[in-house]
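Knowing the structure of chain C, use the given hints to seat chain P on it.
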Amino acid sequence: MTDYLVNATGLKKSFGATCAVDDVSLRIKAGEIYGLVGSDGAGKTTTMRLLVGALLQDAGEVSVCGYDILKQSEQARSQIGYLSQRFSMYEDLTVLENIRFFAEIRGLSATEWLPRSMEILEFVGLGKFVDRRAGQLSGGMKQKLGLASALVTRPRLLLLDEPTTGVDPVTRQDFWQLVIKLVSQPLSPTPLPQGEGQGVREQSEGVSVLISTPYMDEASRCHRVGFMKAGKIIAEDTPSNLRARLNGRVLELRGSPINVLRHVAHQDEDVEDVAAFGDKLHVRIRADKSDLIINRLPDEIKAAGGTITNLRVIPPALEDVFIALSESSHD
Amino acid sequence: MLNSRIFSIIRKEFLQIVRDPRTLAMIIIMPIMELFLLGYAATTDVKNISMAVWDQSKTTQSRALLDAFRAADYFVLEYFVGSADEYQALIESGDTRVVLVIPPDYDRRLVEGNAQVLMVLDGSDASVGSTALSTARLVGQAYSTKILGEQSQLSGRGAPSAPVEVRTQVWYNPDLDSAYFNIPGVIGMILSFITSILTATTIVRERERGTIEQLIVTPIRSWELIVGKLMPYVILGFIETFEILLIGHWWFGVPIRGSAALIIITSGLFLMSSLGIGLFASTMANTQQEAMMTVMMFNLPMIFLSGFFFPIAAMPKFLQFVSLAIPLRYYLIIIRSLLIKGVGFVAIQSEVIALVIFGIVIMGAAALRFRKRLD
Numbered sequence: 050m051t052d053y054l055v056n057a058t059g060l061k062k063s064f065g066a067t068c069a070v071d072d073v074s075l076r077i078k079a080g081e082i083y084g085l086v087g088s089d090g091a092g093k094t095t096t097m098r099l100l101v102g103a104l105l106q107d108a109g110e111v112s113v114c115g116y117d118i119l120k121q122s123e124q125a126r127s128q129i130g131y132l133s134q135r136f137s138m139y140e141d142l143t144v145l146e147n148i149r150f151f152a153e154i155r156g157l158s159a160t161e162w163l164p165r166s167m168e169i170l171e172f173v174g175l176g177k178f179v180d181r182r183a184g185q186l187s188g189g190m191k192q193k194l195g196l197a198s199a200l201v202t203r204p205r206l207l208l209l210d211e212p213t214t215g216v217d218p219v220t221r222q223d224f225w226q227l228v229i230k231l232v233s234q235p236l237s238p239t240p241l242p243q244g245e246g247q248g249v250r251e252q253s254e255g256v257s258v259l260i261s262t263p264y265m266d267e268a269s270r271c272h273r274v275g276f277m278k279a280g281k282i283i284a285e286d287t288p289s290n291l292r293a294r295l296n297g298r299v300l301e302l303r304g305s306p307i308n309v310l311r312h313v314a315h316q317d318e319d320v321e322d323v324a325a326f327g328d329k330l331h332v333r334i335r336a337d338k339s340d341l342i343i344n345r346l347p348d349e350i351k352a353a354g355g356t357i358t359n360l361r362v363i364p365p366a367l368e369d370v371f372i373a374l375s376e377s378s379h380d
Numbered sequence: 009m010l011n012s013r014i015f016s017i018i019r020k021e022f023l024q025i026v027r028d029p030r031t032l033a034m035i036i037i038m039p040i041m042e043l044f045l046l047g048y049a050a051t052t053d054v055k056n057i058s059m060a061v062w063d064q065s066k067t068t069q070s071r072a073l074l075d076a077f078r079a080a081d082y083f084v085l086e087y088f089v090g091s092a093d094e095y096q097a098l099i100e101s102g103d104t105r106v107v108l109v110i111p112p113d114y115d116r117r118l119v120e121g122n123a124q125v126l127m128v129l130d131g132s133d134a135s136v137g138s139t140a141l142s143t144a145r146l147v148g149q150a151y152s153t154k155i156l157g158e159q160s161q162l163s164g165r166g167a168p169s170a171p172v173e174v175r176t177q178v179w180y181n182p183d184l185d186s187a188y189f190n191i192p193g194v195i196g197m198i199l200s201f202i203t204s205i206l207t208a209t210t211i212v213r214e215r216e217r218g219t220i221e222q223l224i225v226t227p228i229r230s231w232e233l234i235v236g237k238l239m240p241y242v243i244l245g246f247i248e249t250f251e252i253l254l255i256g257h258w259w260f261g262v263p264i265r266g267s268a269a270l271i272i273i274t275s276g277l278f279l280m281s282s283l284g285i286g287l288f289a290s291t292m293a294n295t296q297q298e299a300m301m302t303v304m305m306f307n308l309p310m311i312f313l314s315g316f317f318f319p320i321a322a323m324p325k326f327l328q329f330v331s332l333a334i335p336l337r338y339y340l341i342i343i344r345s346l347l348i349k350g351v352g353f354v355a356i357q358s359e360v361i362a363l364v365i366f367g368i369v370i371m372g373a374a375a376l377r378f379r380k381r382l383d
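Chains as they are written, first to last, in my numbering: chain C, 50 to 380; chain P, 9 to 383.
One chain only, chain P, in its complex shape:
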């Protein structure tokens, strides 16, 4: 029987949440804040890189090359300089990251078929540098092929075909928009952070304020107390999931391709882990502050090892192994697959099983440690 005692606790808990502006703000505003922060600021898409040009040739041919770079959408041709000192100053001040140097004999050597241009890159920001590098190479290659074709046509031999042509197909996220990747991750992060912190502090608060002593003396059983205390945060966790999903979908255009039922069920499973961590932390803390710190101690390494920021495949073997014990890792795979790829249960079944096992273990351990007593 989901009895009236449990309902009483749930109602009391909601009353307290509604009356505590700090908790309320954390529940409603924090997900939106994180969503927009990670949706915009934390984008790893490199676009509009500032570029300086030293065009020593100043011919139709050199201008055609610049147009090719403009068309690539990755570079903004912001500065036109006249000396090496000038562009060095621009790179040092950080005003520009890429410099294209076209030599004076560019047009002549282009006809001879051995034209060279110089690309100078600021490598201090590795992600911008590497994107600029590969994009510049691609632009150069494409432009070469194009010129080769034009020259062959002029000499009447017809358009040659390249010996190997790599044709690409990007599935699920053709524009490689990083919001597709980040926003499902935010759901995982919110669910693990907010719910575990809130559950830990709500339980410890009873101890800190002494109300636990009154609760102990009532006939309520331990499990009823646990269920009653956790239930509101299960409900809030789902509300937050929907909140992020809707904003992610309508504002950031993240698709929801998988089945809603699977999303809800797997999110519920992941919630069990987060609540378990919160409950476990609450058994180790005597003040709300301690509880908060304990939860953070669990959560921070989990976030970094989950594959949220850094790909697990790029980690050293040892850390990859550690990440196997992190529920967020599985949930991220699940929620990204469900939203973006729209897969069915079979594709994610091993991750679901991992979540179930972790949830049962941590909940069980926490429930065993949880004592309806003062000592």
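Okay, chain C solo, but in the shape it has when bound:
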């Protein structure tokens, strides 16, 4: 057995002429939350589908908990809980019927499924809605149902494909609290009637989560983050290490008029990029040029008829890193 719950090497997948996933290798440790970020079409969903074996890769290998996803798919899949981007519960079945169905086809016995389902539905906050048809749930509740269904067999690996896209901020917050709770203090194992079967396993280490998201605030909650672009993981590290790559290279600029500030900043030869964050600008500069620019920029702006209220070096946000990485491979 390896130390990695997920061990994928050299994954490749093309659809016709488009290469959706290009030589992706991914390792996820037990108890880790791994975030896969990248813009739309970067290959996040395809990567996830390859990891669960929903798509057949052109090259590369995937093992989950030491089982090859293609050759030992049954064993591997019994360790996986997967929440697809698209709602994929049965809308004409109730919440409980959905959970029961997925619990049973994933091997829970007649005596196990009900207490387990109720426990998990309480956990995600759907305890009061067991008899509601899934099609009549709100967007956030649908996602929670999907999460509950993925969790009902207590998988060791949870794959969540953009679970919070299109969900309101409060529900997003709730959702993340659930994920974090899951990793830090896993569901207490219910004492089973027959103390055996696949329900019993080393719960102490918690589950591993692979989550894809377009939101940087969510990425910063992950233990490790992989940036995907054009089918490749172009950077992979902890959020703080990733941010550290731009230490001293991001300036915050406030003043007016904002168009003038932006234009002038862009003209500066040591400025790489200017991005608007509400009423302020994030100016990304070349390494070791901060002092130079902080001295130079105010004069340039004054000359152009603008005023500066604030210009200082700030700790980079993950979003700055993301934008920098997105541009880096253009050249």
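Cβ-Cβ distance ranges computed for the label pairs, FRET-style:
{"#": "1", "chain 1": "C", "residue 1": "Asn290", "chain 2": "P", "residue 2": "Met301", "range": "49 to 57 Å"}
{"#": "2", "chain 1": "P", "residue 1": "Leu327", "chain 2": "C", "residue 2": "Gly59", "range": "52 to 60 Å"}
{"#": "3", "chain 1": "P", "residue 1": "Asp28", "chain 2": "C", "residue 2": "Phe64", "range": "26 to 34 Å"}
{"#": "4", "chain 1": "P", "residue 1": "Phe246", "chain 2": "C", "residue 2": "Glu123", "range": "28 to 36 Å"}
{"#": "5", "chain 1": "P", "residue 1": "Phe246", "chain 2": "C", "residue 2": "Asp52", "range": "49 to 57 Å"}
{"#": "6", "chain 1": "C", "residue 1": "Phe64", "chain 2": "P", "residue 2": "Met301", "range": "21 to 29 Å"}
{"#": "7", "chain 1": "P", "residue 1": "Gly218", "chain 2": "C", "residue 2": "Gly59", "range": "25 to 33 Å"}
{"#": "8", "chain 1": "P", "residue 1": "Met301", "chain 2": "C", "residue 2": "Pro364", "range": "58 to 66 Å"}
{"#": "9", "chain 1": "P", "residue 1": "Asp28", "chain 2": "C", "residue 2": "Gln121", "range": "32 to 40 Å"}
{"#": "10", "chain 1": "C", "residue 1": "Glu123", "chain 2": "P", "residue 2": "Arg265", "range": "48 to 56 Å"}
{"#": "11", "chain 1": "P", "residue 1": "Leu254", "chain 2": "C", "residue 2": "Val219", "range": "54 to 62 Å"}
Think of the hints as simulated: they come from the structure by calculation, not from any bench. Remember, predicted model here, so these are calculated numbers, not experimental data. Note that CB positions come from ideal geometry on N, CA and C, so glycine has one too.
Positioned in the frame of chain C, the structure of chain P alone reads:
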């Protein structure tokens, strides 16, 4: 082991069927509708043909001839006209299809032994026309023989016998009631149409709604998924078979002469073909609509070439050859023989073998194409 995973799928499938009013209506009401449509409207029995008469003779003899036509049960003497223009108008308007013209000298020539009457037929509807034609000939012949006999008796020579007399025995369906032929056919049609459409759409629906992605990631095996998805439709197919059999028997009086076990077994074999076609179509479609069209593409030519509407023996050689690859053809022979003739296994064994081969081939091909994957 017919394991709990398969049972879970079957139960889920039934829940969905029960909650979908459209599917439910298709399953319960469609067989009854088709049964009554084909039992009544699609009857090829020609009876009560409207007939016009131009009796120029107006004698006891001519009235006796008209009585002979009335007694035949095929004609209703609706119009009595006085000119050729009148009956032509009746035929043109479609009010009548047959006209009997009795000449003024009918009674005189009858005595001379060379009486002639004219029968005018509307041939635009070939099936009505040909029935009317042959019936009119038969009535005329029988009437002639009868008169001949009467004349001989009058002249004291005793009743002569015709040189050749054809005596007929109609087996199994003495009244030649077309319901006997159609209703077993409806069973075949329902089994092939409804079950193949339902299986194709139920599988494609999982793909269309995205639920297949969740199913793929469960440890369930492909064959378990197939069996679980098909099982409910096997059960429904049998329920429909019994439904049609019972209504056909009690309402339309179609006999059930063969063994129930053989009917069930052969229907099950035929179901395998229909489900196979549905499963195969599902592997070629991405939306329910596409699935429906694909199934129709298989089913329509099958219905026409199966011998359900048109006798295979009357088809050109090439189409007869094509029809050999159509499972419904064999099932129609089997179910008609079992119900109406009450034959045993030996009489239908080659058709049963053909069904088994077709079922295995199409199921096998479909199962090979069926992938528990998204691409």
